[in-house]
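Peer 1: Two chains, two frames, a set of hints: combine them into the complex.
Residue-level listing of the chains:
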Amino acid sequence: MSGAETVLTIERLTVDLPPWADRPHAVEDVTLELRHDEILCVVGESGSGKSVMARSILGLFPSRYVRPSGGRILYGGEDLLAATPEQLRALRGSRIAMIFQEPMTALNPVLTIGRQIEEAIEVHQPVAREERRRRVLEMLSAVHLPEAERIYKAYPHQISGGQRQRAMIAMALTLEPDVLIADEPTTALDVTTQAQILGLVREIQATRRMAVLFITHDFGVVAEIADRIAVMQQGRLVEHGPAEEILAAPREPYTRALLAAVPDLLPAPPRKAFAQAPVAMRVSGLEKTYRSGGLFFGESARVVHAAKGVAFEIRRGETLGIVGESGSGKSTVARCVARLVEPDVGEIRVGDTDFGRLSHRALREARRRVQMVFQDPYGSLDPRRTVGKLIAEGPIVHGTTPATAWQHALELLELVGLDRRAAARYPHEFSGGQRQRIGLARALALDPEVLIADEPVSALDVSVQAQVLRLLSDIRERLGLTVLFITHDLRVAAQVCDSIAVMRQGEIVEYGLTAEVFAAPRHPYTRELFAAVPGRAQSERRAAAATASP
Amino acid sequence: MRELARRFFRNRPAVAGLAILLGVVAIALLAPLLYPGSPFALVGTPFQPPLGRYLFGTDQLGRDLTAEVVHGARTSLLIGLLATTIAVFVGATIGALAGYYGGRVDALLMRLTEIFQTIPFFLFAIVLVAVLTPSIANVILAVALVSWPPMARLVRGEFLAMRTREFVLACVSMGMNDARIILLHILPNTLSAIIVTGSLMVATAILIESGLSFLGLSDPNTMSWGYIIGEGRTALRSAWWVCTIPGVAILVTVMAINLVGEGLNDALNPRLRTA
Chain H
227 MSGAETVLTI ERLTVDLPPW ADRPHAVEDV TLELRHDEIL CVVGESGSGK
277 SVMARSILGL FPSRYVRPSG GRILYGGEDL LAATPEQLRA LRGSRIAMIF
327 QEPMTALNPV LTIGRQIEEA IEVHQPVARE ERRRRVLEML SAVHLPEAER
377 IYKAYPHQIS GGQRQRAMIA MALTLEPDVL IADEPTTALD VTTQAQILGL
427 VREIQATRRM AVLFITHDFG VVAEIADRIA VMQQGRLVEH GPAEEILAAP
477 REPYTRALLA AVPDLLPAPP RKAFAQAPVA MRVSGLEKTY RSGGLFFGES
527 ARVVHAAKGV AFEIRRGETL GIVGESGSGK STVARCVARL VEPDVGEIRV
577 GDTDFGRLSH RALREARRRV QMVFQDPYGS LDPRRTVGKL IAEGPIVHGT
627 TPATAWQHAL ELLELVGLDR RAAARYPHEF SGGQRQRIGL ARALALDPEV
677 LIADEPVSAL DVSVQAQVLR LLSDIRERLG LTVLFITHDL RVAAQVCDSI
727 AVMRQGEIVE YGLTAEVFAA PRHPYTRELF AAVPGRAQSE RRAAAATASP
Chain R
21 MRELARRFFR NRPAVAGLAI LLGVVAIALL APLLYPGSPF ALVGTPFQPP
71 LGRYLFGTDQ LGRDLTAEVV HGARTSLLIG LLATTIAVFV GATIGALAGY
121 YGGRVDALLM RLTEIFQTIP FFLFAIVLVA VLTPSIANVI LAVALVSWPP
171 MARLVRGEFL AMRTREFVLA CVSMGMNDAR IILLHILPNT LSAIIVTGSL
221 MVATAILIES GLSFLGLSDP NTMSWGYIIG EGRTALRSAW WVCTIPGVAI
271 LVTVMAINLV GEGLNDALNP RLRTA
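Residue numbers (this note's numbering), protein chains in the order written: chain H, 227 to 776; chain R, 21 to 295.
Simulated from the structure, these hints should not be mistaken for laboratory data.
Here are the computed lysine to aspartate or glutamate pairs in the DMTMM-like style, where the Cα-Cα straight-line distance is at most 25 Å:
#1 H:Lys615 <-> H:Glu655
#2 H:Lys534 <-> H:Glu513
#3 H:Lys498 <-> H:Glu736
#4 H:Lys379 <-> H:Glu364
#5 H:Lys615 <-> R:Glu23
#6 H:Lys615 <-> R:Asp198
Note that the structure is a prediction, hence the values are computed from the model and not measured.
If we strip away everything but chain R, and leave its shape as in the complex, we get (with noise of 0.2 Å):
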C-alpha cells in the first residue's frame, strides 16, 4: 500500500489532477456554506460580466453564476459517483459470471452486453431519460445503464486469463466452492484494472450527465453544469461567460480524473510503465 502511493505520488501530473479533483470535491461540499440558499435564486441585472459584483458575473435571468457553478459540482460529481459506482457493480458481476463460467453463460451475456453496446450510448440515454422522466435517479440509472458494457468486457477478459492460471486451478483442487475463488481469489487480482477503469468511467459520466441537462433532459429543479450552458447558449454571443465557465468546470474536473485514473493505472500496474 505504501510503496503504491509512494509510486502515484512520483507522477507529477497524477498529483496535479489530484488536487485538482479534491478542489473541486471540497468547492462541492463547502457549496451550501459558501452560497447558501438556492442557486436558482435571482440577484441581480441579467448579463453582468465576469469580476464586477459577481465573481462569475450574472446570466440571462441575473442569477449568480458563481453560485451555480458551485451547486453544479454537487450535481456532476454526484451523479458521476453513484452510476459509476452502479455501472462498476452491474459490469464487473456480468463479466466475472461470463469469464468464470464461460460457454453458455459467456455467450448469453455477451450478446446482452452487445445488445447494449450496439445502441448508440447517448441516444439510449436520451431515450431512458425521456421515457422515465427526467429525475436525478433516472439520468443515474440511464448514466448506469450505458456505461456498464465495456467494464463487463475488460473484466470477462481478466476472469477468462485468469481462469486457466494455476493458482485457480489449485483452488478448484482444493475444493473451494465457485463464490470463493470468485471473490476472494480472482476478483482481487483484476482489482487493479476495474479501479483504473472504473476512475476514467467517472469523468465520462460526468460528461453525459453534462449532456443531458444541456439538452432540458435532467430535473429542473436541480442546478447542473450542463443545465446552465444549456440555458446560456442562446446568448453566447454576447455573454461568453455564462457557457464558457461552467464549461472550462467540466474540463478540468474531467482532465483531472483523467490523470488521476492513468496515475492509478501506472501506480497499480507498474510492469506496464515504460522504463
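Looking at chain H on its own, in the form it has when it is part of the complex (with noise of 0.2 Å):
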C-alpha cells in the first residue's frame, strides 16, 4: 500500500476499568493510526482490550464504568472523545459504520433485512423510499448475495449465518463511510463462510478505498488479510508493522509466541501404525434424526440428519479425529457414541461389549469406559462443588472408597498440571485452560478405555490451547489412551489426531491416516474445507522455511 493519507489517528489512548477488575486499564496508552484504503489488523487473545479499543472510536463503552481517561481519538479535525452525543450520532453509521461479531444478535429479528438497512440510511439522509429500495437491493448484490430481492424481504432467522454476515456488511456499507471498524466479524462462521467474508472484505475495501480496523483474536485470518498489523496484550500495544515484516520477523517475544501459537497445517509425523491393536471401540451404521415443527400449519416436519450411516473404528491408544464444520453432525455422534444422546439405529462396541445395547442399569455400571471431555470451560463444571469433590466423585460412586478417590483426585490434578491445593477451590477461580484440565482429570479419574474430547480447546485462547494440546498428547502417550477427538478444526486435527474423518451433513464423506488425508484430500468437500483455512499461505511458508533451515 502506499504511502496514503491518516483517516483516524488514536493517539495515546487511555480507557479505565472500574476498581474491581483485575487491572486498572482496559487499554493503555496507545497510539495508532488508520490509513485511508488500507485493512490494520488488531490482534490480542481476551481480554487485551483490542474491542475496547476499537467501540472507544465510536464512543460506544461496554459500561459507564469503562471511561476514556486520557489521550484522543482524531478523525476530520476533531476529537472523538470531545465530541457531543449528537456529533457521534451523526458520525455513527455513515462516516465511521461497524460490524459485529455474531450476525444474529446484531440484526433485529423482527424487521426484515431490508427495512433495516433502509433504516440506517433513513437516519441519516432524507431520501425517498424507492431511491432507498434502489440502493438496498444494490449493496445486496453488492455484497454478493444472491437473489437481492428474496434476501430484501426476509427475516434474519431465515438466512444463513454467511448471508446475515453479509447483509451486515451491506448495511455499513450503505453510506459509503470512510472508515470500517470489523469486530471479531468471522469469528462465529464456519471456516469455509469466513473465507468467503473475508474475501468480501478484502474485494469491498479494494474496491472502495476505504480504511477498515479489523479486530481478530485469529493469527491465521490476519495472515489472509493484514495490509498493518497491531498486536495488543493486556491493553497495552505490543507490537505494530507492516503485515509481511511481522508475520515474517516479528520483534517481541510475545508475537513470536502468539504466532508459534497456532498449530501448523501439516501433520504431525505419524506416532506407529495402530493397524495391529486390538479394536478399542467399533461404531457401524449409526443413525440420528431430529425433527421439528409440522404439527399445526400443514407444514412438513423439518427432519434434520445428524448422522447417517456413521461407521467408524478405533484401535487401542489411537487418535481418530472427527473434523466438520457446525451443523455436520460431529457433536450427535460424540454424544451417540456416549449414549448421552439414543441414536435411532446402529451398533456401539466398547471392547467386547454391545455398548449401545446396554440396558439402564448395566449401561450405568459401563458408563465409566467411555468419558467425556466438554467443550465449554464454564459449563461443564459444577459451580457449587469443589474441583477435589467434581474430580473424586465418579470413582466414589462405582465403589471406591472416597479416601482413596480423593488421594487419586490429588494425583489426577498433578498429572493435568495443577496443583493439589486446586482440590479445595470452587471452578469458578480457575480461568479456562485451568478448567479444561480439571475437566480431563476428571475424565481420566474413571480410568476410561476410549476418551471422548468434544472441541476440548475450542473456546480457548491461542496460546492456552497450544497448553492444552500439549498436555492431551503427553498424557495420551503417557496412559496409551485412546482418544475420539471433535473438532472444526483443520490446524487442530493435524496435530493431535492419527486418522481423521471429516463429516458433512450426517455423513462422513472421507476417512483415512491424517497425513494421507491431508497430503491428497480425495473428497471435494474435504479440499474445500482446506482451501478455506486461514493463513494457509502463510502456514505453508513457515512449513517450508522451517524444512529448509532445521
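Peer 2: As C-alpha cells, this is what we get:
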C-alpha cells in the first residue's frame, strides 16, 4: 500500500476499568493510525483490550464504569472523545461504520433485512422511499447475496449465518463510510463461510478504498487480509508494523509466542501404526434424525439427519479425529457414542461389549469405560462443588472408598499440571484453560477405555489452546489413551489425530490416516475445507522455512 | 457465604425488612410472656380507643386488641411458614421430576399443575377449608395446596435449562444415578431461585390465611389478624382501630418479607443486579 493519508488517529488512548477489575486500564497509552485504503488488523487474546479500543472510536463503552481517561481520537480534525453525543451519532454509521461478531444478535429479529438497511439510510439522509429501496438492493448485490429481492424481504432467522454477516456488511456500507470497524466478524462463522467473508471484506475495501480496522484473535485470519498489524496484550500495544514484516520476523517475544501457538497445518509425524492393535471402539451404521415442527399449520416437519450411516473404528491407543463444520453432526455422533443421546439405529461396541444395547442399569455400570471432555470450560463443571469433589465423585459412585478416590484426585490434578491445593477450590476461581484441565482430570479419574473430547480447545485462546493440546498429547502418550477427538479446526486435528474422519451433513465423506488425508484429500468437500483454512499460505511458507533451515 | 451476607447487608431496604421481620418474630415468640392468658379474655368496656388504658384499645367485646394482635402474629407466621414449606417441597419435587425427565412425565405433571392453576386460588382455598372443617391444620393444607403450582413451574424451568448443561451430561457420563444428579448437582444450582420465590410465598401465604380468617374460615379458637379484622369490620365507622391495627400489622409483615426476598434475590443473583 502507498504511504496514504491518515484517516483516523488514536493518540495515547487510555481507557479506565472499574476499580474492582483485575487491572486498572482496559487500554493503556495506545497510539495507532488508520490510513486510507488499508486493512489494519488488531490482534490479541481475550481481555487484551482490542475490542474496547475499537469501540471507543464510536464512543461505545461496555458500561458506565469503563471510561476514557486520557488521549485523543482524531477524525477529520475533531477529537471524537470530546465530541457531543449528537456529533457522534451523526458520524456513526455514515462516516464510521461497524460490523459485529454475532450477526444474529446484531440484527433485529422482528424486522426484515431490507427494512433494517433502509433504516440506516433513513436516519442519516433524507432520501425518497423508492431511491432507498434501489440503493439497498444494489448494496445487497454488491456483497454478493444471491436473489437480493428475496433477502430484502427476509427476516434474519430465515437466512444463513454467512448471509446475515453479508447483510450486516451491506448495512455498514450503504452510506459509503471512510472507516469500517470490524469486530471479530468471522469468529462465529464456519471456516468455509469465513473464507468467503474475508474475501468479501478484502474486495470491498479495495474497490472503495476504505480504511478497515479489523479486530481478531486469529493469526490465520490476520495472515489472510492484513496490510498492517497491531498486536495488543493486556491493554498495551506490543508491536505494530507492516503485515509481511511482523509475520515473517516478529520482534517482540509475545508476538513470536502468539504466532508459534498457531498449530501447523502440516500433520505431526505419524506416531506408529495402529493396524495391529486390538479395536477399542467400533461404531457402525449409526443413525440419528431430529424432527421439528410440522405439527400445525400444515407445514411439513423439518427433518435433520444428524448422523447417517456413520461407521468408524478406533484401535487401542489411537486418536481418531472427527472434523466438520457446525451442523455436520460431529457432536451428535460423539454424544451418541457416549450414549448421552440415544441413536435411532446403529451398533456401538466398546471392546467386546455391545455398548449401544446395554440396559439402563448395566449402562450406568459401563459408562466409566467411555468418558468425555466437554467444550465449554464454564458450563461443564458444577459451580457448587469443589474441584476435588468433582474429580473424586465418579470413582466414589462406582464404589471406590472416598479416601482412595480423593488421593487419586490429587494425583490427577498434578498429572494435568495443577497444584494439589486446587482440590479445595471452586471452579469459578480458575481460568478457562485450567478448567479444561480439571475436566480432563475428571474424565481420567474413571480410567476410561475411550476418551471422547468434544471440541476441548475451541473456547480457548490460541496460547492456552497450545498448552492444553500439548498436555493432552503428553497424557495420551503416558497412559496409552484411546481418544475420539471432535473438532472443527483442521490445524488442531493435524496436530493430535492419527486418523481423521471428515463429516458433512451427518455423513462421513472422507476417512483415513491423517497424513494421507492431508497430503491428498480425495473428496471435494475436504479439499474445500482445506482451501478455506485461514492463513494457509502463511503456514506453508513457515513450514517450508522450517524444513529449509533445521 | 460471607460474600453473600456482605452483599445482603449492603442493601438497605432488605436490612430494614429483615429488622422488622425479626421484630415480628420476636413478638410472636414472646407473646405468652408479654400477654399471658388467652387473647380472647374480656378485659374491660368495649371500644376503648388506642393509647388509653390499653395500647391499641379494646374491640367490640371488650378484649385487649394488643393481646389479640400479638397472639395473632403467632398464627400468621406459623401458617405462613408451614404452608410455604409444604408448598415448596411439593412444588420443587413435581417441578424437578417434570424438568429432569421431560417427555410424558413432564406433560402429565404440568397438566396436573395447570389444573390447579386454572382454579382461582382463593376460591379453591375457601372450598377446601369449608369442606375439610376449619382448623389450623386444614388451613395450612389449603394454603399449601393453592400455592405450590408457581414453584413447580419455576423449578421445572430451571431443571429444564440445567438438564442440557454440560456439567449434568458429565454426571450422566460418569454413571451417576438420577437421584444423585437431581439432588446433589442440579438442586443446589437452583437453590437460590427456590429460596427467593419461597420467601415471597410466605408473604402470600400470610395474606391467604388472613383472607380465610376474615371470612370466618379459620379455627375459631385461634386468634389471627384476619379474624380480628373480620370481627371488627361491622364497627369500622365507629371504631376504626379494630380493623386498622391488625391490617397495618399484615401490611408491615408482608412488606418486610418482600423486602427480604428481594434482598436475597439480589444477593444470590449478583449478575442480575443493575450496575
